[in-house]
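With chain C fixed as given, assemble chain D onto it according to the hints.
Residue numbers (the numbering used here), protein chains in the order written: chain C, 1 to 402; chain D, 1 to 402.
Hint data in this document are derived by calculation from the structure and do not stem from the laboratory.
Think about it this way: if two alpha-carbon atoms lie no more than 30 Å apart in a straight line, the pair counts; the simulated DSS-like pairs of lysine-lysine are:
no., chain 1, residue 1, chain 2, residue 2
1, D, K395, D, K95
2, D, K79, C, K79
3, D, K69, C, K69
4, C, K45, C, K156
5, C, K95, C, K154
6, C, K69, D, K50
7, C, K50, D, K80
8, D, K221, C, K221
9, D, K22, D, K221
10, D, K80, C, K72
11, C, K45, C, K95
12, D, K95, D, K391
2 protein chains.
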Amino acid sequence: MKYQHNFNPTISDEDIFSEIVKEKEYIGYYNLVFQDTLEYKEYAKSVKQKNIVVIGIGGSTLGTYAIYKFLKYSKNLTKKLYFLETTDPIDIKSKLENIDLNDTLFIVISKSGTTIETISIFKYINSLITCDRDNTLVITENDSKLNEYAKANKIKSFEIPKNVGGRFSVFSAVGLVPLAIVGIDIDEILHGAKKRHDSFFTQGKTYARIVKKARFFIEYKNSFNINVVFSYSSRLEGFNKWYIQLWGESLGKVDINSSRQGLTPIGIIGPIDQHSFLQLIVEGRRDKTVTVIKVDDFYNHLKIPNIELTGLSELNYVDDIEFSLLINKQADATIESINNLKDIPCDVITIDSVSERSIAGLMYEYELLTSVCAKFMYINAYDQPGVEAGKIILKQKLQTKS
Amino acid sequence: MKYQHNFNPTISDEDIFSEIVKEKEYIGYYNLVFQDTLEYKEYAKSVKQKNIVVIGIGGSTLGTYAIYKFLKYSKNLTKKLYFLETTDPIDIKSKLENIDLNDTLFIVISKSGTTIETISIFKYINSLITCDRDNTLVITENDSKLNEYAKANKIKSFEIPKNVGGRFSVFSAVGLVPLAIVGIDIDEILHGAKKRHDSFFTQGKTYARIVKKARFFIEYKNSFNINVVFSYSSRLEGFNKWYIQLWGESLGKVDINSSRQGLTPIGIIGPIDQHSFLQLIVEGRRDKTVTVIKVDDFYNHLKIPNIELTGLSELNYVDDIEFSLLINKQADATIESINNLKDIPCDVITIDSVSERSIAGLMYEYELLTSVCAKFMYINAYDQPGVEAGKIILKQKLQTKS
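Chain C with its partners taken away, still in its complex shape (with noise of 0.2 Å):
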């Protein structure tokens, strides 16, 4: 008997894990933990500019942002970090109207060097101020039209590797350079980043953990085609459209055999949408999975007081409560009444404490389970092909006035 077929069936775990072992030999994200920082370190020290405007979109500024957002308040940091992201005339003018431009550096980073958002802004830059070398730095890859700019005018340029994708380039210069610039420390970045990189790699609790939790998305992609994760904390805004980006665009692709694949990522903040999306994922359709993120330590123990209030006495059980035991109380208990229901698939990522190593670490986790599951799903999580037509529609629109 003779036997053919192209079908894929379930990989097991171990060959998920030598895919992705031999994968770390050309997707470069894998490797930026090994990075030497010196380079970096040297230049943001250089740097006397009190504001840092990025210009950049999608994968060039959501990682930074989201390490910002979320480190800010607890550091002391000198310098204050700005984002020019889209093309919205309002956005851009009232940002720029709260910056003093004569005291700022403007970092343009864009991989492929000729996005249409990133350079139009630029130019618009150019109109308000002399742009070079010394309040100018650009972020590309070697061979890009942006760096031909760069050096034409002796601007520093930072490169992006070739095989490191947009949406995961947060550890390279992309997300490193800015954030050494205003004074958070990229050594504990690439620390708390490379912990998760080599329990992975050695099979460790990572590795167990992520295979798991990928293993489930996929098996269940029909049932639950939506995974919400639900943060704990308005410092994880940023890491939610951060992780939004990395999961839409990666995992959202057409497979091997031609299906359509796609898991659609939700990010949400708790408390505020306890008002909102909550009634929706108890009572909805069952077509979501939960992943709840706290923070253990806010370092933060700001009280409520206790003060009387005439009438509103039935409410003085939060007196001299923290805020943040309140609002990881308050995530406990939607945990809680989400796993009573016993249908909804819920998981809970505790994180240590605001720095730069959790944040890192999660970041870090996030990229490997998003590779795995395009593993299981035989997609290719590096590229984005589906947004490429609208952008030749764009520029003949453009160039035809139409």
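Only chain D this time, still in chain C's reference frame:
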């Protein structure tokens, strides 16, 4: 022959209409367009403080924020509006740091009057500054504990009618009072909403559009369980958040046959999320409808200058184009690329201009759409029983310190 059944087949458009007309007699939001705003405006005029801090969460803030965010950059508003929504201590602390509390009016908004987040934050404010009739306003139901507090302290209060749900309350005192205080024309707001009201209840264009759209959503709810609102302006970020609550909390319900219903709302912003979520829409599973919202006139003529940047001349086709044209062309290119695929349901809403009327019309239309969808789904759009369990668990945890 006798035949008995308890099926609920698809309702006719006419039956939907008469159901909504019946509902209008006891569901309050529909008739908010007929309110007399004199008292709101007179109170607004009397406010001397420069900073207005709304303490509230969910339906008590999202609608007000949506309108404020949409309008604030094109109005010369003399007062600033802030929102304290979350129990995250970092959020509370960082927001209050930038506000002169001695020049602040605190507006405490809670429909039930005992929202734990709102009262906890208000207690904290009480430890920072004396809250009394000179700097505090309450908006709540007439017989709530919060109103009892207001009366006991001779603090002015406005009423949220019992039959107006939180997420449908933007056109009540909840939204209109804070907006009037900062200088937004609330008669124009109601005018914009009333236009949609009239067109719907005379079975005009609004009615035809909404019923058709709702019917499609419900008939295809098992294929397309996710509805994406893709707003091409950062000004609509607040609208997106408001829509997510309205849609998620109203439609995520158990229907009269005990079957779980729910359409999952996603709000994204263009062009930013072209670099994050569009790939998933275009190549991922066909489980999403897409509604693109465009703003016709941005009232802003910021232009990409005609500047030659060495190396980047291939992008010169953007020179001399206004950013508002660029962003609208980006929207058009996205719409065209989605429509070319022919298997993603996509509709486009174009708002004429940045005005009170236009944002209010859009919001009232979405309220009507939500009510009509709920009728098709045989669910109650106006309750949220799914979040009660978590509240009880939280109270237990806090009372027993478990």
